[in-house]
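Just so you know, the protein sequences line up as chains A and B, in that order. Numbered per the numbering used here, the first sequence spans residues 1298 to 2185. Numbered per the numbering used here, the second sequence spans residues 1298 to 2185.
Hints in this document: simulated from the structure, not taken from any laboratory. Any given hint might turn out to be false.
One copy or two, either will do: identical chains are not told apart, so a pair holds if it fits within one copy or between any two.
Said to hold, decoys possible - Pairs of lysine to aspartate or glutamate residues, derived as EDC-like cross-links and limited to a Cα-Cα distance of at most 20 Å, are as follows:
(1) Lys2100 with Glu2058
(2) Lys1956 with Glu1931
(3) Lys1544 with Asp1577
(4) Lys2018 with Glu2110
(5) Lys1956 with Glu1933
(6) Lys1715 with Glu1957
(7) Lys1518 with Asp1502
(8) Lys1701 with Asp1924
(9) Lys1301 with Glu1362
(10) Lys2088 with Glu1957
Protein chains: 2
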Amino acid sequence: MSDKKYVYDFAEGGARMKSLLGGKGANLAEMTFIGIPVPQGFIITTEACVHYSQTGEYPVGLGDEIEAHLANLESVTGKKLSDPSNPLLLSVRSGSVFSMPGMMDTILNLGLNDVTVEGLAASTGNPRFAYDSYRRFINMFGDVVMGIDPQLFEDALTQKKEEVGAALDTDLTADDLKDITARYKAILQQEAGATFPSDPREQLDLSVRAVFKSWDNQRAKVYRRLNDIPDHLGTAVNIQMMVFGNKGETSGTGVAFTRNPSDGNNEFYGEWLLNAQGEDVVAGVRHPRPLVELGEVMPEIYGELNTIRDKLEDHYRDMQDVEFTIEDGRLYMLQTRAGKRTAAAALQIAVDMVDSGMITKEEALSRIEPDALDQLLHPTLDPSVQMEPLTSGLNASPGAATGKVVFTADDASARGAKGEKVILVRWETNPDDLHGLVEAQGVITSHGGMTSHAAVVARGMGRPCIAGAADMKIDVVAKEITVDGVVIREDDWITMDGSTGRVYLGQVPLAPPQISGNFNTVLRWADEIRKLGVRANADNPEDARRAREFGAEGIGLCRTEHMFMQQERLPHVRDMIMADSTQERELHLAELLPFQRQDFDGLFRAMEGLPVTIRLLDPPLHEFLPDIVTVSVELERMKCTGADGGQIAAQEELVAKVKELHEMNPMLGTRGCRLGIQWPEIYAMQVRAIMEAACDVLADTGKTPCVEIMIPLVGFGTELKTMRELTEATADAVLAERRMEVPYKVGTMIELPRAAVTADEIAEYADFFSFGTNDLTQTTLGFSRDDAEGKFLTHYLKNDVLKDNPFQKLDQEGVGQLVAMAAEKSRGVNPEIKLGICGEHGGEPSSIAFCHRVGLTYVSCSPFRVPVARLAAAQAALNLSGGPSVNA
Amino acid sequence: MSDKKYVYDFAEGGARMKSLLGGKGANLAEMTFIGIPVPQGFIITTEACVHYSQTGEYPVGLGDEIEAHLANLESVTGKKLSDPSNPLLLSVRSGSVFSMPGMMDTILNLGLNDVTVEGLAASTGNPRFAYDSYRRFINMFGDVVMGIDPQLFEDALTQKKEEVGAALDTDLTADDLKDITARYKAILQQEAGATFPSDPREQLDLSVRAVFKSWDNQRAKVYRRLNDIPDHLGTAVNIQMMVFGNKGETSGTGVAFTRNPSDGNNEFYGEWLLNAQGEDVVAGVRHPRPLVELGEVMPEIYGELNTIRDKLEDHYRDMQDVEFTIEDGRLYMLQTRAGKRTAAAALQIAVDMVDSGMITKEEALSRIEPDALDQLLHPTLDPSVQMEPLTSGLNASPGAATGKVVFTADDASARGAKGEKVILVRWETNPDDLHGLVEAQGVITSHGGMTSHAAVVARGMGRPCIAGAADMKIDVVAKEITVDGVVIREDDWITMDGSTGRVYLGQVPLAPPQISGNFNTVLRWADEIRKLGVRANADNPEDARRAREFGAEGIGLCRTEHMFMQQERLPHVRDMIMADSTQERELHLAELLPFQRQDFDGLFRAMEGLPVTIRLLDPPLHEFLPDIVTVSVELERMKCTGADGGQIAAQEELVAKVKELHEMNPMLGTRGCRLGIQWPEIYAMQVRAIMEAACDVLADTGKTPCVEIMIPLVGFGTELKTMRELTEATADAVLAERRMEVPYKVGTMIELPRAAVTADEIAEYADFFSFGTNDLTQTTLGFSRDDAEGKFLTHYLKNDVLKDNPFQKLDQEGVGQLVAMAAEKSRGVNPEIKLGICGEHGGEPSSIAFCHRVGLTYVSCSPFRVPVARLAAAQAALNLSGGPSVNA
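Kindly produce the complete structure, drawing on both the sequences and the hints.
Set out below in structure tokens:
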């Protein structure tokens, strides 16, 4: 009764119909359109899947449409489903709008049964091939449609091999395989209580439903959450004529990238296997051969593939990741899509394609995932340390890491989430291991290649990966790895270098990353386009220098409390806190002054006239004293063990002071400007140190520092007014003493909801605002970060109460609404006001896009995130969503 | 150069010019207009004071205007300033827009010097009077203008009295007084290093400036902050011809109320002194005589005064507080203003005036300060306890109180602020003692009358006061009171009854207050007018019953955690928390279920079908366990003293659980719906208990309870959605089991800024919102109440960083903005949504006015505040500001 069309032939679609046909189907249609050979077929739309997800039923008309398109496919291929002599066999594959590699289900060789398998054997003259296809089909069908543990099929196969003394699968005869199909069907019967359906139309119907259902399986949901893919999109189903790479010595299968996905070099790069089906390459079960060897074995096919490589790049104007199958000497392309690549490769490809005029700078920028740049900034092994590697494997994802060995994804996930550094070591990984990969420092597999699951996923996450480290003999039960007689046990430290594929015993020192020319080229393009300034959060000259190397245009947040925490200063800080009078406190502050002046001196020199925003003391004073439980227990111990009276009295005084300053909710206590208002002498000392340092640097270098003094935790205009007066009085006194002119600005953090909603009132006293979105998130959401992460917030994320961790991605609907309101209100009274953000969100792409939209002046983030921020700011200016790239 | 007029003759002004002329001046002008005799004079405007406050100088033209009006006054009175034979003498008084009794300065007898005093003596034939006036003038001038400690003048006077053997001031002769003027001038010279200015024009100029300055003195600032009077208003200065009540036996002075200010009875009520000046009455130095005795001494004057009483009430249509002076048998009115009154009097006067048709119900309601009703709800002495009073005094302000004796305002302030119950005992009080009165439970003075400073201030604050308890001999240095040989020392407990004037030794039990018929009459008028509903916060049947007696229309907040805290339940709660599994937890919850059901059963019965809003468990679970310091110290002690292994192991388990649940910032931790989402079984038990109780009550009484289930601390729509589903599933299951129908609503607290700004999203799942403005204030302002009050918030209030305590008065600009936003957004998606407030602000008048303006459905407050809320809601509907009344 519906007018909707739910099924499209390849000839009816195209790349622009991705949201309806899924990525794979749209590209199969597109390849058909530009004359590239693909096995013919048709696509069931994502809309049909969405309907099925919601109702558990096909939409009206879908069954008929499938029947009609199937008839057409039979006519095009000249084969018929269920034909006992020359049966049409089908592949049924998921195909979502955004790439979700390995997350959903695929069924191959559909159409085989005890009758048609004989027809296939007869028509190909290859009974072994026919029965091998049949047993693979039952295996997949049992796994995907009937939910049977695939290990049972693996075990049956292994047992048969032992029974007949076969070393490899290929040593099994047709009769062996026929026997295996019988055993597989028995497993089906026993485990699922259902007979294997011999009717190919029933097989097709059940398979389509299984693919629909796989959209909602747990691992697919996790993947979507991690990759910001909406849950409501659904998957398309691609139904294609089977082609066989396992028909013998003139058949094969492979995967290839049109450029090198590791370094971006403009070379044809891939792997293939003779006489194999596609999953043999991807699953890493057999060791694939480099693509160049295809040129030696089948030079004509290799030539054709090379021509297709050029045609695809010209057409798509991007590096492609393709799958192909050779059946009896005939080449079919099974898939093309934009290829995943390392950050280094993304930069190289972008620069090359812009140089050759294939794409514009803007297009190039839009294709680079900002977070991927982080990979390039990851540490490498310290080059000054000479170490012999224990063993090596494939350099599957770059970067170095060190950690304790764990053997299961569950362990990696649990311990990694607690902050432990662990390296996951596996025979191979599969999509169920994803949660372990997320939390591990790196992953090593003894099997699989560059396109194995572990390698693809690790590259996507910027995590180091070594694949195919075949010398590592892994005993998962004993939790041991043996390499040439050396035994590595669980919890032993190892170090890995994903860029070289080498594995080392113990903890090898890591060195900071090196940045290539491409990196700077691309970021210069970004700088031309972005509207947002990019500053760094830095508390010391070293961080400031690193930030400038990464392109920071100033310091957006210098936290002065870090200076108070240093070993040589803490005693003075504690004396200052314990002081009984203002006078006594001022004495101790005077001792701190030279330290603070020296800190600021270094910062101003490092920044050479760029803005330096210095936040005056923020944390509650008890943070500088020992913890209340510790001091109370110690006092009890002293009394109990009969310590001398003087010691006990001193401890009692300490306990009293700690109790006096103790707070129920320090986040909402006496901190920020509440300190400066009650004890103005503290802020006065800091302002004096800042201005004296500024004068010293100007006198010494001739360059005027750009001083911005920031008052924290303001909620009321009167607070900022009072603190501004104190700041100006102190600063002007220093300048008068020195007889110098150093301009300075006074501003505030906006980190309380009240400050946001009354920003117009506060802006009257501010030259600048810096949104402290860490604390603003805590107060707006009522989430104490210390008490949320690992506790209720973790529960919320696991149970989909929240989609994202609001401390990582700005909560745009809640916190963001307050930021936007404050920006608008403050500009209403003070159009010249500078607006920045200095929470961790300042380095996160979707949050940066938000900052661009509400018109902030700059973002400030940790030095290592500065490149990410520069690129994300450019993408924001290009009006990209900051969500996942659609061309994946 | 200014066109502004800064000085007005009385004949030029009127009552409507109060903001320019101040209350006193405007009413003097008004009395002049309606033909009541006042000493002629002129008024310097508040604008002139504001100019002086800001610049320290007279505005241009003021000096000339004063000169012109002075010339006019000289012509009207036929006397001249500085005239050696018949000098004009002046009074110079402050007069602010809102009454600030005793806060600012007054100078009398201005114009006297060594020459004019002789003229005054000659023209009156009364040298004693002339020198008495002169010494009073020097005393006041020295105190007010030159800042000299008035005790020095008192000491000199006392010394002279001893020298000449005078018992009373009136025993001093003219020569004695002349000698005293010389001694006073010497004090001036010695203390201020300045000669007493003999030129009356210089005296006038300095006095005007002193009155201007007195606007900014510390006690005036404190008074304004306590009474919500803006700092920018300034005071007017009233300059009047002096009239003398101390000219002999045909002179006198007094104060009167047109009705009884204690009980509101329609009787002329006041006190007077023969041969005295006004401050003798107010300061309580001499014991004044009841007004009725004036009728015996001066029947004609008394008759004239009675006529004026009627004229003033007819004209002002309100009870008036007047000051008068009789000079040589001639009556002058010095002041009229709306009289301060007790709450009981306010009600009586309102009811009488409405009954007689003098005013409307709306006018009557508008004149009653809502907070004053609280007085009527204060305890009295338990009538069942028979006690002999120790002594008694005047019943100056009603209500009973018990506390420890303190002797200084500083002690009362410091100890009272800490929550100690103290009663301040003084010879008399003055405006400098205000901070002590604020914090004391009550005040007793051994001197002074019903209109003494202590009495007026205590009535204004609703604090009990006994004045003139003359039998109490107070030794401030020894800190002792002696009454007929009984000695009361500092820190001894006493009990006072301000309604009877009786003082008791020790702690006498207090009884709850009784409410008069007027109370209910006025509140019925309020109920007719108000738009806001009024509910109460009540956690048990007793509070619920009391709330209904006070007129509550439902329960707006029942906090279920109070039920968890009870002695017999806490062990089950602790077992539930310590449970290792859901199953074990459910077992312990099942033991709590009957208790909870019984709680709700009682509430539903008490409320008889009125709405009962029950909040599910809110506080973090560690609040039910012992404190982390306590358990840690105890463990150390056990180890140290060698307790047995089993005990230590049990303590270690407890410490581990306490540590696991310990939070850095519990306010922002695992509480509210975060509990319900992680451990749904807890909320499920509570919902089951609620619905089972509702069914029981319906079955038993036939009345259907009105059930509203409230989910706390929601910040995200998904949270409420999840908890609503849980609530509905549980509630519907109970109703199905019982085969009954009890409608129930599900709503949420709005107590997080995020909830407010995303109220549209949350409202989709809510039948009602209740603004939890206590927590919303904590999160919006970043103020932990535990850590703010007594710490930085106290500092802020003292130093004018904040005007009001935001936990007492809603921060309308900040928190209020979020409430208004949430109200608007939620009604946008759900026009039927009920909106209430259940923070403490629900019982505070200015906050209630705000709730009315933003269109909330109801306010909910503590049972005792319900009457206040009913009246405040009516005033809000009458569009009164909720600020101080202007007719004071």
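>> One pair to classify: lysine 2088 and glutamate 1957, alpha carbons no more than 20 Å apart. Within, between, both, or neither?
In response: Between copies, since 10 Å is at most 20 Å while 29 Å is not.
> Using 20 Å as the alpha-carbon threshold, which applies to lysine 1544 and aspartate 1577: within, between, both, or neither?
Replying inline: Cα proximity of lysine 1544 and aspartate 1577: one copy only (14 Å, versus 122 Å across).
> From the Cα coordinates, with 20 Å as the cut-off, is the pair lysine 2100 and glutamate 2058 best called within, between, both, or neither?
Replying inline: Only across copies: lysine 2100 and glutamate 2058 sit 15 Å apart there, 34 Å inside one copy, limit 20 Å.
>> Reference check for the pair lysine 1956 and glutamate 1931, CA-CA at most 20 Å: within, between, both, or neither?
In response: both (14 Å within a copy, 18 Å between copies)
> At most 20 Å between C-alpha atoms: does lysine 1956 with glutamate 1933 qualify within a copy, between copies, both, or neither?
Replying inline: The answer is both: 15 Å in one copy and 19 Å across copies each meet 20 Å.
> At most 20 Å between C-alpha atoms: does lysine 2018 with glutamate 2110 qualify within a copy, between copies, both, or neither?
Replying inline: Intra 31 Å, inter 17 Å, cutoff 20 Å: inter-copy only.
> How would you label the pair lysine 1518, aspartate 1502 (within, between, both, or neither) given a Cα cut-off of 20 Å?
Replying inline: Neither: 24 Å inside a copy, 85 Å across copies.
> Within a copy, between copies, both or neither: where do lysine 1715 and glutamate 1957 come within 20 Å Cα-Cα?
Replying inline: Answer is between; shortest inter-copy Cα gap is 14 Å, intra-copy 33 Å.
> When no copy is named, should lysine 1701 and aspartate 1924 be tagged within, between, both, or neither for a Cα gap of at most 20 Å?
Replying inline: neither (31 Å within a copy, 37 Å between copies)
>> My question is about lysine 1301 and glutamate 1362: at a cut-off of 20 Å on alpha-carbon distance, are they close within one copy, between copies, both, or neither?
In response: So lysine 1301 and glutamate 1362 pass the 20 Å test inside one copy only (11 Å; across, 91 Å).
Hint compliance for this structure: hints 7 and 8 are not met, and every other hint is.
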